[in-house]
Amino acid sequence: MTSADQVSRLLALVPYLQLHPDADLDRTSADFGITTTQLIADLRVLWYCGLPEGMPGDLIEIDMDAVAETGRIRLSNADYLRRPMRFTPDEALSLVVALRAVAELVGEDAAEAVRNALAKLETAAGTPTATTVAVSGGAPGVREQLAAAISDGRQVTFDYTDAALEPSRPTVAPVRLITSDGFGYLQAWSPQRADWRTYRLDRIAEVHLTEHAVPELGEPPEFGPSWLESSTDAVAVTLTVTPQSAWIAEYIPVQQLRRSETAVELDLLVADPAWLRALVLRLGPGLLAAEPAQLLASAVDAATEALAGYRAG
Amino acid sequence: MTQQKSERIMNLTICLLMARRFVDKARIREVVEGYHGLGDAAFERTFERDKDELRLMGVAVETGSNDVLFPDEVGYRIRREAFELPAIEFTAAETAALGLAASVWESATQAGQAVSALAKLRAAGIDPDPTRLAGLAPRLGAHESAFASIWEAHTDRVPISFRYRGEIRRVEPWAMNCRRGSWYLLAHDRDRAGARIFKLARIDSAVTRIGKPGSYALPSSAEIEAHWQRLEPAGVDDSALLAIRDGRAADLRQRGTAQAVDAPAGYSAYQVSFARSGDFVADVAAYGPDVIVLGPADLRAAVITHLEAVAGLTSR
Numbered sequence: 678m679t680s681a682d683q684v685s686r687l688l689a690l691v692p693y694l695q696l697h698p699d700a701d702l703d704r705t706s707a708d709f710g711i712t713t714t715q716l717i718a719d720l721r722v723l724w725y726c727g728l729p730e731g732m733p734g735d736l737i738e739i740d741m742d743a744v745a746e747t748g749r750i751r752l753s754n755a756d757y758l759r760r761p762m763r764f765t766p767d768e769a770l771s772l773v774v775a776l777r778a779v780a781e782l783v784g785e786d787a788a789e790a791v792r793n794a795l796a797k798l799e800t801a802a803g804t805p806t807a808t809t810v811a812v813s814g815g816a817p818g819v820r821e822q823l824a825a826a827i828s829d830g831r832q833v834t835f836d837y838t839d840a841a842l843e844p845s846r847p848t849v850a851p852v853r854l855i856t857s858d859g860f861g862y863l864q865a866w867s868p869q870r871a872d873w874r875t876y877r878l879d880r881i882a883e884v885h886l887t888e889h890a891v892p893e894l895g896e897p898p899e900f901g902p903s904w905l906e907s908s909t910d911a912v913a914v915t916l917t918v919t920p921q922s923a924w925i926a927e928y929i930p931v932q933q934l935r936r937s938e939t940a941v942e943l944d945l946l947v948a949d950p951a952w953l954r955a956l957v958l959r960l961g962p963g964l965l966a967a968e969p970a971q972l973l974a975s976a977v978d979a980a981t982e983a984l985a986g987y988r989a990g
Numbered sequence: 019m020t021q022q023k024s025e026r027i028m029n030l031t032i033c034l035l036m037a038r039r040f041v042d043k044a045r046i047r048e049v050v051e052g053y054h055g056l057g058d059a060a061f062e063r064t065f066e067r068d069k070d071e072l073r074l075m076g077v078a079v080e081t082g083s084n085d086v087l088f089p090d091e092v093g094y095r096i097r098r099e100a101f102e103l104p105a106i107e108f109t110a111a112e113t114a115a116l117g118l119a120a121s122v123w124e125s126a127t128q129a130g131q132a133v134s135a136l137a138k139l140r141a142a143g144i145d146p147d148p149t150r151l152a153g154l155a156p157r158l159g160a161h162e163s164a165f166a167s168i169w170e171a172h173t174d175r176v177p178i179s180f181r182y183r184g185e186i187r188r189v190e191p192w193a194m195n196c197r198r199g200s201w202y203l204l205a206h207d208r209d210r211a212g213a214r215i216f217k218l219a220r221i222d223s224a225v226t227r228i229g230k231p232g233s234y235a236l237p238s239s240a241e242i243e244a245h246w247q248r249l250e251p252a253g254v255d256d257s258a259l260l261a262i263r264d265g266r267a268a269d270l271r272q273r274g275t276a277q278a279v280d281a282p283a284g285y286s287a288y289q290v291s292f293a294r295s296g297d298f299v300a301d302v303a304a305y306g307p308d309v310i311v312l313g314p315a316d317l318r319a320a321v322i323t324h325l326e327a328v329a330g331l332t333s334r
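As you go down the protein sequences, you meet chains A and B in turn. Counted the way the working numbering counts, the first sequence spans residues 678 to 990. Counted the way the working numbering counts, the second sequence spans residues 19 to 334.
These are calculated hints, taken from the structure and not from any lab test. Every residue gets a Cβ at the ideal spot worked out from N, C-alpha and C, and that includes glycine. Watch out, some of these pointers could steer you wrong.
Claimed, not checked - Just the calculated beta-carbon pair ranges, DEER-fashion:
no., chain 1, residue 1, chain 2, residue 2, range
1, B, E62, A, P817, 54 to 62 angstroms
2, A, P805, B, A110, 50 to 58 angstroms
3, A, E899, B, Q21, 36 to 44 angstroms
4, B, Q277, A, Q933, 16 to 24 angstroms
5, A, T887, B, R210, 31 to 39 angstroms
6, A, E899, B, T64, 41 to 49 angstroms
7, A, K797, B, R38, 51 to 59 angstroms
8, A, A951, B, A110, 39 to 47 angstroms
9, A, H885, B, A293, 29 to 37 angstroms
10, A, G895, B, T64, 17 to 25 angstroms
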């Protein structure tokens, strides 16, 4: 840690401690994102700070005994540092961009508060921030309904289209709205399956509240990349695509990519055959071959059936 | 270690902040505890470094003279209005959003900066209620290896160079955008003399600084917004009549309006708008036999050609 970091924090700590008399050591370190050991080191620095000329009555007073015995911080004699310093550009930018990520997930009702907070924060920072965040979080109305159901503790039912384009109408106990890697998700408990489920927000429609309350549930599992990948019966597939279709690699979980002049080979693990069928149908002439080839059978059948439909119509 | 240095810089800050007039160097050396006992050269060096540290923290140290007759007699001060966070009031709902924002970043550096910004707000009397917005957990990550250096360069407004798809580019970073989990940089490209958007994942070298911080001006927010529009999906400019199998393709049905026209048994007709420049052929083909294009004719023909390619694949 540099002195600049520490001094910057001390200049916020002094007004904070004057505003929160008898502040709790743990709570204060959490608010500043530091360990209690670091906070005590900070207090020891402040102990030697004060008005110029350093006369005994000029120093900031901290009851270090009380800190040690009760974990409470009492700071006085620092009237001249009643307000924190302005944001540094990096602080302002980091908080503003984070707030924009919040704006992408809240429902319509809370969106205005987030926008107002953003405007005030930018005014305080002195410069508008052009860096932005866009999350594919579905319709604001859907998020608002789900957020309301979560705070009311009510189960919901909705239309869902999964990655394989299979429709379903699950009834679940909603617990949390999450964003991860640019997509919004609902984390929910499925009473039918007696398991945790995640649903992508942009694939949810027609949300209805049910009369069923959300049962007592523990904490949902931590949402992370492993959530989407964890699957027991995934099959290794290699798709050969044209260079023009190689962009697909940025949207699907590719394990390895090999380029040649005329084609790009993508290795991926496929857990859901229906997902692969939709991907193959989407790629169309962009897909040159697949290995093992029999995994293409259901897509070929679906295309053949579709073409028969066109001939009939 | 740095404890004495932190004390000295704190005391210097308080001294300059409390001064009603510019304070000259001799006086600073006399009254600020940490400068006692330093020789002339050591004092000069230490004082200059401390001032640099303060500027680095964003504290504006002004120089000037108290005496119009002797304007060369340099003194220093920190103006309170320039130093303090301006008065700022938030409603409970706004405060809750700020509290949530401080937990959004997954990358440690930005997370630390957001927490320290929130700590300043707490020091100004803002106290987020963590039970509001409790069901929300937005996360903002940055997996690209170039992210940290690009982020710093765009905060500092420093020109940089990097290799992008095999070519060296020299740019002035304007703004960044995280879209569907991928970070983009909008920058003025010096060699191409125009604004360009770079996907961070495609930067395939280290990022080198090629100028001083703050060495160029940013365009207006409106201009930056207009450049970002290029990343947005094109607006809809046409519409298609689709036969959708009952119970399937809910997203297409939701985008469209039901039509009272003939459709095959088990299907219903919907008018759905789409962007000509987009990927609507693939979007429709992905549904296979669940969606049949009834019109316009060129879209119908394009989907048939697309499906014929799939039907012709070797599957054994």
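### Task
Could you tell me which of the hints above the structure violates, numbers in ascending order?
Of the numbered hints, 2, 4, 5, 7 and 10 do not hold.
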